[in-house]
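Enquirer: Sequence:
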Amino acid sequence: RTSRRPRRGMRQGGNTAAVIGAGPAGLLTAISLAQRGWDVSVFDSRLAPLPPDDESWGAGERSYQIGLNGRGQKALSEFGAMDRVSKYAASVRGRLNFDASGTPTENRLKPPGTPGAEKNYVTRVLQRDRLQACLLEEVQQVYPQVRVEFGMGCDGVDLVGERPAVRLCRQPAGMEDDEGCELGSVVEAPSCYDLVVGADGVRSSVRASLADALSSNTRAIRFPDYNERRYKTLPLHPTFGLSDLSWGARNQTLDLGMDALPTMEGEMVAVLLFKPGSVVAEQIGALSSAEEARAFLTAALPGLTPYIRDSDLERFVQRPIGRLPSFQLVEGDLHFALPRGGVVLLGDSIKAVKPYFGQGANSALEDVSILNRCLTEQADDPAATVVAFSSARGDDARALVRTSRSFDGRGPLGTARFLLPLLVDIQLNKLLPALFSPPMLRGLQDERNTFLGLRRRKRAERMLLAAIMAAVGLVLKLVVQRAWCGACSLSLWPVLRAA
26 RTSRRPRRGM RQGGNTAAVI GAGPAGLLTA ISLAQRGWDV SVFDSRLAPL PPDDESWGAG
86 ERSYQIGLNG RGQKALSEFG AMDRVSKYAA SVRGRLNFDA SGTPTENRLK PPGTPGAEKN
146 YVTRVLQRDR LQACLLEEVQ QVYPQVRVEF GMGCDGVDLV GERPAVRLCR QPAGMEDDEG
206 CELGSVVEAP SCYDLVVGAD GVRSSVRASL ADALSSNTRA IRFPDYNERR YKTLPLHPTF
266 GLSDLSWGAR NQTLDLGMDA LPTMEGEMVA VLLFKPGSVV AEQIGALSSA EEARAFLTAA
326 LPGLTPYIRD SDLERFVQRP IGRLPSFQLV EGDLHFALPR GGVVLLGDSI KAVKPYFGQG
386 ANSALEDVSI LNRCLTEQAD DPAATVVAFS SARGDDARAL VRTSRSFDGR GPLGTARFLL
446 PLLVDIQLNK LLPALFSPPM LRGLQDERNT FLGLRRRKRA ERMLLAAIMA AVGLVLKLVV
506 QRAWCGACSL SLWPVLRAA
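Residue numbers (my numbering): 26 to 524.
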């Protein structure tokens with residue numbers, strides 16, 4: 026049957042938007058715009074994910090997991106997508122830690138709403154691609170005004186007219202998993218939109234177009250990675266009662282760490298983290314059989330061996346070693362405004378962090394909520410909205426990256442710089458909760474806090490602590506001086522009396 030869809034960017038009586046990138050943030054942006062009555066086109070150079078109910082998602086090696094904290098859950102709930110996501114997400118209600126001998130210790134969190142509970146939500150966990158699949162299904166079943174095209178990359182955005190014009194390129198067969206437009210792509214004529222949203226990740230072509238514009242001050246800053254980590258994933262098969270916990274183990278001698286999160290089907294996705302060029306990296310790279318892999322893991326992380334199958338180890342040996350992303354942020358504007366339209370960046374295109382503390386995907390979903398708020402405040406004026414978003418989110422995004430970098434020190438000094446403030450904050454919050462907030466890590470998970478606000482509050486608390494310590498020191502000094510003077514007076518009294 027012949028399709029009668031309007032030409033890309035063509036006005037149908039309402040605002041039009043192009044979202045570049047069909048990841049979780051891009052698809053949630055499309056949902057938010059569709060709810061406002063916009064006509065939305067979403068483009069992604071990669072292949073579409075499998076449906077969220079496909080049985081392959083249950084495999085513990087399918088892809089790495091992300092944990093949805095309060096920020097991510099709030100954003101998904103705001104746009105009515107959390108119910109669908111919850112159908113395919115596991116719950117994490119505590120942690121199982123294995124010591125050096127392999128002995129496990131279980132620590133369960135208090136349920137939200139009970140006295141002393143650390144969180145006001147239950148962490149939900151699923152593969153990043155499965156989250157994408159859930160949101161794609163939501164778009165396809167609920168929002169007919171949203172069109173999603175996979176295998177269609179962005180070659181850049183023209184910023185010389187009244188509205189931004191997107192240059193698209195269709196990827197050749199077999200190259201759909203590449204980001205951007207590669208040699209051999211078929212470039213199409215530019216199409217104009219009222220709003221262009223760059224949700225196309227750390228190598229954003231939309232951001233590159235903004236950086237190239239003469240009147241733009243947008244520039245990406247990629248920080249050198251002084252604490253590089255490599256990883257390999259491994260499925261684990263927990264026994265009953267342990268699949269609602271995150272798992273952790275560490276071999277201090279090898280500097281090898283393991284963290285595992287559950288899938289809805291019950292398997293765990295374990296991520297082994299190690300330094301490139303280290304002894305353990307060479308050992309893992311040299312593994313050539315399931316027998317060798319089991320012997321290595323039995324010696325390095327003995328608590329895991331009861332939950333590992335030989336068939337998984339065969340694939341573990343063959344699987345390539347992955348690399349964690351480095352830190353990146355955007356200085357200057359997150360937008361470009363035109364007379365009748367605008368371009369805005371969000372998600373990883375404005376702030377890339379390592380996945381240790383679960384802020385990458387969650388903060389990207391939160392970006393969508395903030396963009397939606399700006400649209401409301403600016404009465405859906407795209408040019409005014411992108412300016413407002415840049416003002417509302419720019420400093421906050423940069424604060425997240427800088428805070429995350431402060432947790433990523435290397436060596437004993439880096440560990441001390443991470444642990445000492447954490448331990449101090451825990452004790453101060455217990456002793457003086459009215460003056461000192463919980464540790465930064467817990468504050469990051471609380472959607473009521475902004476990243477910039479957290480940094481400012483912690484800075485103020487450090488100054489307050491320094492003032493208290495100075496005051497205590499002064500009091501002690503005065504006490505010692507008075508005691509010394511008193512002692513001197515007593516020692517001189519017999520002499521004076523005799524005189």
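One thing to keep in mind: the hints can contain errors.
Unchecked claim - Subject to a maximum C-alpha distance of 25 Å in a straight line, what follows is the list of computed DSS-like cross-link-like pairs (lysine-lysine):
#, residue 1, residue 2
1, Lys144, Lys99
2, Lys379, Lys455
3, Lys144, Lys112
4, Lys300, Lys257
5, Lys502, Lys135
6, Lys483, Lys502
7, Lys144, Lys502
8, Lys379, Lys483
9, Lys455, Lys112
10, Lys300, Lys144
11, Lys257, Lys379
12, Lys135, Lys112
13, Lys99, Lys112
14, Lys99, Lys379
15, Lys99, Lys135
As the list claims (entries may be wrong) - Computed spacing ranges between beta-carbons, pair by pair:
#, residue 1, residue 2, range
16, Pro136, Asp335, 35 to 41 Å
17, Ala238, Glu174, 24 to 30 Å
18, Pro129, Glu356, 42 to 48 Å
19, Leu444, Asp124, 15 to 21 Å
20, Pro197, Pro76, 22 to 28 Å
Calculated directly from the structure, the hints in this document are not laboratory data. Computed from a predicted structure; not experimentally measured. Cβ atoms here follow ideal geometry from the backbone N, Cα and C, with glycine treated the same way.
Enquirer: With reference to the structure, classify each hint as holding or not holding.
Expert: We went through each hint and held it up to the structure:
no.	hint	in the structure
1	Lys144 x Lys99	holds (14 Å)
2	Lys379 x Lys455	violated (29 Å)
3	Lys144 x Lys112	holds (21 Å)
4	Lys300 x Lys257	holds (12 Å)
5	Lys502 x Lys135	violated (44 Å)
6	Lys483 x Lys502	violated (28 Å)
7	Lys144 x Lys502	violated (42 Å)
8	Lys379 x Lys483	holds (21 Å)
9	Lys455 x Lys112	violated (37 Å)
10	Lys300 x Lys144	violated (32 Å)
11	Lys257 x Lys379	holds (15 Å)
12	Lys135 x Lys112	holds (23 Å)
13	Lys99 x Lys112	holds (16 Å)
14	Lys99 x Lys379	holds (22 Å)
15	Lys99 x Lys135	holds (20 Å)
16	Pro136 x Asp335: 35 to 41 Å	holds (38 Å)
17	Ala238 x Glu174: 24 to 30 Å	holds (25 Å)
18	Pro129 x Glu356: 42 to 48 Å	holds (45 Å)
19	Leu444 x Asp124: 15 to 21 Å	holds (18 Å)
20	Pro197 x Pro76: 22 to 28 Å	holds (25 Å)
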